[in-house]
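**Student:** If you're matching them up, the sequences are chains A and B in order. Residue 108 in the numbering used here is what sits at position 108 of the first sequence, and the numbering runs on without skipping anything. Residue 91 in the numbering used here is what sits at position 91 of the second sequence, and the numbering runs on without skipping anything.
It should be emphasised that the hints constitute simulated quantities derived from the structure, not laboratory data. What you are looking at is a predicted structure, and each value in this text was computed from that prediction instead of being measured. Some hints here could point you the wrong way.
When chains are identical, the list treats them as one kind, so a pair holds in a single copy or across two.
[To be verified] Here are the computed lysine-lysine pairs in the DSS-like style, where the Cα-Cα straight-line distance is at most 30 Å:
id	residue 1	residue 2
1	Lys21	Lys51
2	Lys47	Lys21
3	Lys58	Lys21
Protein chains: 2
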Amino acid sequence: MNYKEFENCSVNLFFRIFSGKWKPLILHHFFYTGDERFIELWRKMPKISKKVLLEQLKEMENDGIVVRKQVNTFPPEVYYGLSETGKSLEQLLLHIESWMENYQLQRTTELDPMKEKQK
Amino acid sequence: MNYKEFENCSVNLFFRIFSGKWKPLILHHFFYTGDERFIELWRKMPKISKKVLLEQLKEMENDGIVVRKQVNTFPPEVYYGLSETGKSLEQLLLHIESWMENYQLQRTTELDPMKEKQK
DNA sequence: CAGTATCCCGCGTGATACTG
DNA sequence: CAGTATCACGCGGGATACTG
Chain A
1 MNYKEFENCS VNLFFRIFSG KWKPLILHHF FYTGDERFIE LWRKMPKISK KVLLEQLKEM
61 ENDGIVVRKQ VNTFPPEVYY GLSETGKSLE QLLLHIESWM ENYQLQRTTE LDPMKEKQK
Chain B
1 MNYKEFENCS VNLFFRIFSG KWKPLILHHF FYTGDERFIE LWRKMPKISK KVLLEQLKEM
61 ENDGIVVRKQ VNTFPPEVYY GLSETGKSLE QLLLHIESWM ENYQLQRTTE LDPMKEKQK
């Protein structure tokens, strides 16, 4: 790889798109609950400020992962959910989860006190 | 999911482990070139300072992804490479790459000027 | 040559109040 | 209720010089 190209390399871009602090949680939520009204989404994530939640949603919207649907004019009623592209993430996220499961299993046995005693 | 548990949820942890600015590049390098001496690795990444490269390596070492091997005492001669756990990442990284390829393809057609004109 | 010590800066994240 | 405006802060990342 040419290192000038690195900034645009796909894996790097992947992390740039998805590594917002709350994005994995938001995606997880959409996969399990489906589309949701903004206020509901926000209520279910008590530790995140509205501003930040909106930012994360807007970023993913700009990246084509999330879709925003405005229903009424007043009072505002906005729903967020996954785009088709967003939905296509499911297998990949499951892959990540299963890799991590293995990883954490290995780590706990590596750091197992029983093994430490053998030293 | 309980949101107290979120900080330790697997996908989130995954991003915490791998989203250092240079980690994807370092991993990519190890997959293509194998183990490498520190100075060589550093020379091939001109835009990164030694301090930061060392930090990223040490973090991944602590996370069990990277292995550090010291050969001589003086002058120091240190090699870095992938652990078995690190090597087990290959399929997942390929999955990410292929998903991203698709993603970027979709994006470019979505934003294609030809389609814009149809509006 | 590998690694550390300092100092520095910008950005992602956060709290809070405000607007339409 | 959805979204914006301010202000603030910690931390990841960076430049540079130094040490063993």
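**Student:** If a hint holds in the structure, say so; if it doesn't, say that too.
**Tutor:** Verification of the supplied hints:
1. For a Cα distance limit of 30 Å, the shortest separation of Lys21 from Lys51 qualifies both inside one copy, at 13 Å, and across copies, at 25 Å.
2. In this assembly of identical chains, the alpha carbons of Lys47 and Lys21 lie at most 30 Å apart whether taken from the same copy (12 Å) or from different copies (26 Å).
3. In this assembly of identical chains, the alpha carbons of Lys58 and Lys21 lie at most 30 Å apart whether taken from the same copy (14 Å) or from different copies (22 Å).
Comparing the model with each earlier hint shows no violations; every hint is respected.
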